[in-house]
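As a plain string of letters, each chain reads:
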Amino acid sequence: MNPASHLWVIPALPLLAAALGALTPRGGRRLAAGAAIAAMAGALIASCFALHAALAAPAAHLTCNFEWFRLGGGAVRLGWLLDPLNGLMCVMVSLVSLLIFIFSLGYMDEDENFTRFFCFLALFAAAMLGVVVSNSLLLLFVSWELVGLSSYLLIGFWFHKPSAAAAAKKAFIVTRIGDLGFFIGLVWLYDSTGSLLLYDGGRGILEAHALAGLAAPALAGGLAASTAIGLLIFCGAAGKSGQFPLHVWLPDAMEGPTPVSALIHAATMVAAGVFLMARVFPLMAADQALASAPLHALTVVAGIGAVTALMGAAIAVAQDDLKKVLAFSTVSQLGYMMLAVGVGSWVAAIFHLLTHAFFKALLFLGAGSVIHATHHEQDIRRLGGLGGRMRVTFATFAVGMMALAGVPFVFSGFWSKESILHAAMEWEVSRLPLWAGLAGVVLTAYYMTRLTFEVFAGRPRSHAAEQARESPAVITVPLLVLAAGAILLGFLGTPAWPWLQSQLTGAAVPSGPLIESPVLTAVSVILVALGLGAGWYLYGRRPRSDAGAADPVAAAFPAVFAFLAARMKLDELYALTVGRLSSALSWLADFLDRRVWDGAIRLLARLGELAGLMNGEADRDGLNAGFDAVSEGFRRAGRAYSRAQSGDAQGYLRALAVGFVVLVVLVLMGCSR
Amino acid sequence: MRLLPWTVYLTLAGALLSLAAGRRSAAAARWAALATAVAAWGVALLAGTRFIPASSLQTLTDLAWIPAMGVRYHLAVDGISLTLLVLTGLAATAGVLFSWNIEESTGEFFALFLTLVAGVYGVFLSADAILFFVFYEVAIVPKYFLIAKWGSTNREYGAMKLALYSFAGSAMVLAGLLWVYAAGSAHSFGFADLAQAAATLPRHHQIAVFALVFFGFATLAGMFPLHTWAPTGHVAAPTAASMLLAGVVMKLGAYGCLRIALPLSPVGFAYWQTPIAWLALVGIVYAGLVALMQEDLKFVIGYSSVSHMGFVLLGIAAATAQSVGGAVLQMFSHGIIAGLLFAVVGRMVYDRTHTRMLADLRAMPLYRLLPFAATVFVVAGMASMGLPGFSGFPAELSILVGTWKAFPAWAAVGALGVLVAAAFTLRAIQQGFFGSWPTGSAAAEGGARAHSLPPITLPEKAGALLLVAATVVVGLRPDLLLNWINPALQSPLLQAVIRGGTP
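For the record, the sequence lines run as chains E and H. Quick note on the numbering used here: the first sequence kicks off at 1 and runs consecutively. Quick note on the numbering used here: the second sequence kicks off at 1001 and runs consecutively.
Warning: the hint list may mix true and false statements.
Some chain H residues close to chain E (C-beta under 7 angstroms, calculated; not the full set) [claimed, not checked]:
1) A1047
2) T1049
3) E1108
4) P1225
5) A1321
6) P1388
7) S1398
8) L1400
9) K1405
10) F1407
11) A1415
Some chain E residues judged to face chain H by a derived CB distance under 7 angstroms, without partners named [said to hold, decoys possible]:
12) F159
13) H160
14) K169
15) V187
16) E377
17) D379
18) L576
19) V578
20) L581
21) F591
22) R595
None of these hints come from the bench; they were simulated from the model. Since we're looking at a predicted model, the values are computed, not measured. For each residue, glycine too, the CB sits at the ideal point set by N, CA and C.
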């Protein structure tokens, strides 16, 4: 029996729950939430079985394909795929989703649209799991779009806030710009290979035969088709995964409820781009054999990833909103993952994706716990002193913070980040990604220390912070589970016991020493220590006393801080360029339609009118009388089109009928002759 | 199968019945119209279940009509026309449901409405160019009266503009057809005969003839820059007429391009192919941009129709089996989606709030006042921007895949249209349906109670669910229609212009 043929169950369960939630009236809170949570639990169990089956034969790509519709001479086929990469992603997505669903029970308790919230969450989970289990780039794209849709619905969940509605729209449009490239890539790929199935018994696009065809230097300048297609697909991945220059939607997406930020905009959806890159890695890397090509797809990926990693970390340094710091840290971490893919180690990218999912979900839920306890206070200047009041939240947040900062040996983030840096060091093309990565390490440790001290240390700096109480168990238990994951997960992929690497590649990876490159590790550990120390020195030694006090860095370097706080002014730049351009084009098109096309028609009509005037002096009185009688709209139309005296349509109908008869008669005469 | 001509006869009889019933009561006219529309749609669906796809037109009726000219009363069907017949039945049924509130001269309204529908059925069934043309004219005339009498905003202007454009277009078509007939000494107005006759003309004559016929039809399909009748006409029309206008009448033009113009002169088509494709592409993006600027919600939808019809024309222009199949699918898909959008805006919103201006709607939380309308509009909007799960996705996918085969650059530009569609659709959704009371206004304090609108009626719900179901079913199972359409593309006439796609 082929386990892949049952894989559809995993996304189908939450999809059912979403449908149920959509049909449940507003009062059916228990039903909608219960269905969603039960479905996620079911999906988690099914995912565990799937993973078990996949691990039994890690090198085999188990597939189950079927035809969707026939297109011209060919057919569009879809399918499911099961291998360790999918299996691990399924387990991660369904586990994190389950925990966040449970957390939402507490967090969204007072929201009047609780039912709708769970419906959308379940829809999201279904779409995300659909992305993961697809064996067809088309089915992946379909799910991918549904992920975007549910993200839109959830960011705009509190649409009565204009900022939330605007953020939702921005997220949808910006990611769709990337998806446009993805879509064109799909079309191109389908045209070149006649299939969009990833694995299809030798005929799939990720298998040797198709790749060999795509990697030939077929384009201008000796580029391979696979380079262009790979980069187009990367556009989609860059949009979803918040890569520079399409990252601008992700910080705004924090307008959504915090569980949404945790689930979608930190742990799962934004990682979908990285997953996609890992999934189609053979295609992305197909041009590597082509030494003469002027550009390799992966080089671009590495460059974009490095820029994103550094830029995100730098901007995070100067944010004052609790969720915005975490959002830019997500941008930065996604950059690390792309960097890993780009330098050729998709395995390291997936390792970091998995660990990041846990510790970033943990951090966001910790932030959610704080926000819940302080009645939606998100400004870190107005928080403070929460360490003693919210002990579980503080402890788990600290675990997440240390995992993200890469505190050595104990925390999972250390191991996955080390593997990325190690891969970057071994990259032969350039050292720049490594430098960017190392610079990001010190910044990451620094801004997370700043955040933690500002929120949890010192004295409460607002009434809300003074009144804060620890959140209920429904919120803290998911935190504890995630914290355990944020520590333990790292041990699945240490160089000494590279279980994860062996499973993902399907080939045994020999175990090496615990530290692969002692110099690199030493440097990065020192950098982490530097970051932590600087954070402590600036923010921990003497915690901020009141909300109005200036940030020490802002006081020392006001221009730099303001530039970073304004997100490097990229939003403004886009508004001035792309925004202006599209508005101008729209205005021009509208103007053309109203004035030019209509004007041309009117001009023709005027000429006709002139002829009519010369023709029908005698009828002038009738003409004038007619004009006075009709309405304003009629008058405009009449003037525009009047050639006959009255300007009414019946006249034209009659004229046309006469003309028709005359033509028929002429033709008949022609025939009879 | 043999029953299909009855779609025309039943609908015409229904038109007379509604007129008579309207003399007694409005309700009688409504029910007569609904029964007629459902019956004719039922005939089309029944024929669909018994349809055996084949490459050639399957003759249903063939009688001599004007023997002197070889004009025949020849009705025939293939997968393409069957698809559009089913669409017509669906749009007509939904149109009647959304016209349930017409109180003014109800009998006349439905009589004209059904006459228009009968003309459309007739066009899709015609296998003789003159018969085609006659039905085409039958469909145009009632439109004028529907808009001029039951329309809204600027209705005389809109009706006139629409009628004149339509007649100008059809005059071009007729001139082209007669030219071919006379100069090429054809024996009849059968499509194959005309194509043979056209082939005997000198090349530059063929080019001119093709231009006359194609651009004549393309006017009605809303091709840029001959599109300006469409938005004003849609806006002025009463809801059901907008639905039919955007839903099926624009398809008449595209169908004419595909069925008559393309096979008529492959030589002419080869000459005009690139200009047509670029006009279609400009139309897609241009109309999308114009839609982004509109303040009247109906204008947004009107321009979105022009943009979507651009995809149909692009698919036809690219002339590959995939793109043309996709174009037919897009005709069906757009027929449903545009109908749904017009129904929400024209019937559910405008008839209750008496405004369609975004400035007014921003100051009114329609999602609270009319949750059903808001939900349907969001769903229709998703479908309109080509999200997977709805019929627009497989249609646009097929068109772009097929277009890429012919000319990759065209497909890339066309894909840009999908992005613009997302922008103007989201704008319409957010501004039109998710507004809020101005803070501090009396309405905000009085709450929804002071501003409660009449609830959505059962016919509206039924019509909306019908259309939503159709777009979802085709979105998930496009093969239902493509299995009809694909074999029809193998006909010798179309194979002379369409490349690829041998099964």
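We went through each hint and held it up to the structure:
Among the interface hints, the one on A1047/H is violated; its C-beta lies about 22 angstroms from the nearest C-beta in chain E, farther than the 7 angstroms criterion. Given hint, T1049/H at the interface with chain E, is violated; its Cβ is 19 angstroms from that chain's nearest Cβ, farther than 7 angstroms. Annotation: interface hint on E1108/H violated; nearest CB of chain E at approximately 16 angstroms, more than 7 angstroms. Satisfaction of the interface hint for P1225/H is found here, the shortest Cβ-Cβ separation to chain E being roughly 5 angstroms, below the 7 angstroms cut-off.
The beta carbon of A1321/H comes within 4 angstroms of a beta carbon in chain E, closer than 7 angstroms, and the hint placing it at the interface holds. Nearest Cβ of chain E to the Cβ of P1388/H: about 4 angstroms, under the 7 angstroms cut. The hint holds. For S1398/H, the shortest C-beta to C-beta distance to chain E is roughly 6 angstroms, which falls under 7 angstroms, so the interface hint holds. Because the beta carbon of L1400/H sits about 5 angstroms from the nearest beta carbon in chain E, less than 7 angstroms, this interface hint is met.
At a threshold of 7 angstroms, the smallest CB-CB gap from K1405/H to chain E is about 6 angstroms, leaving the interface hint in force. Because the beta carbon of F1407/H sits about 11 angstroms from the nearest beta carbon in chain E, more than 7 angstroms, this interface hint is broken. At its closest, the beta carbon of A1415/H sits 5 angstroms from a beta carbon of chain E; the interface hint therefore holds under the 7 angstroms criterion. Annotation: interface hint on F159/E holds; nearest CB of chain H at approximately 5 angstroms, less than 7 angstroms.
For the restraint placing H160/E at the interface with chain H, the shortest Cβ-Cβ distance is roughly 6 angstroms, inside the 7 angstroms limit, so the hint holds. For K169/E, the suggested interface contact is upheld, since its CB lies about 5 angstroms from the closest CB of chain H, less than 7 angstroms. Look at V187/E: its Cβ gets to within about 5 angstroms of chain H, closer than 7 angstroms, so that hint holds up. The closest approach between the C-beta of E377/E and any C-beta of chain H is roughly 23 angstroms, which is over the 7 angstroms cut-off, so the hint fails.
With a least beta-carbon distance of about 24 angstroms to chain H, the hint placing D379/E at the interface is violated under the 7 angstroms criterion. For the restraint placing L576/E at the interface with chain H, the shortest Cβ-Cβ distance is roughly 18 angstroms, beyond the 7 angstroms limit, so the hint is violated. Contact between V578/E and chain H, as hinted, is not supported at the beta carbon level, the nearest pair being about 12 angstroms apart and thus beyond 7 angstroms. Look at L581/E: its Cβ only gets to about 11 angstroms from chain H, farther than 7 angstroms, so that hint breaks.
Annotation: interface hint on F591/E violated; nearest CB of chain H at approximately 9 angstroms, more than 7 angstroms. Among the interface hints, the one on R595/E is violated; its C-beta lies about 11 angstroms from the nearest C-beta in chain H, farther than the 7 angstroms criterion.
Violated hints, in rising order: 1, 2, 3, 10, 16, 17, 18, 19, 20, 21 and 22; the structure is consistent with all others.
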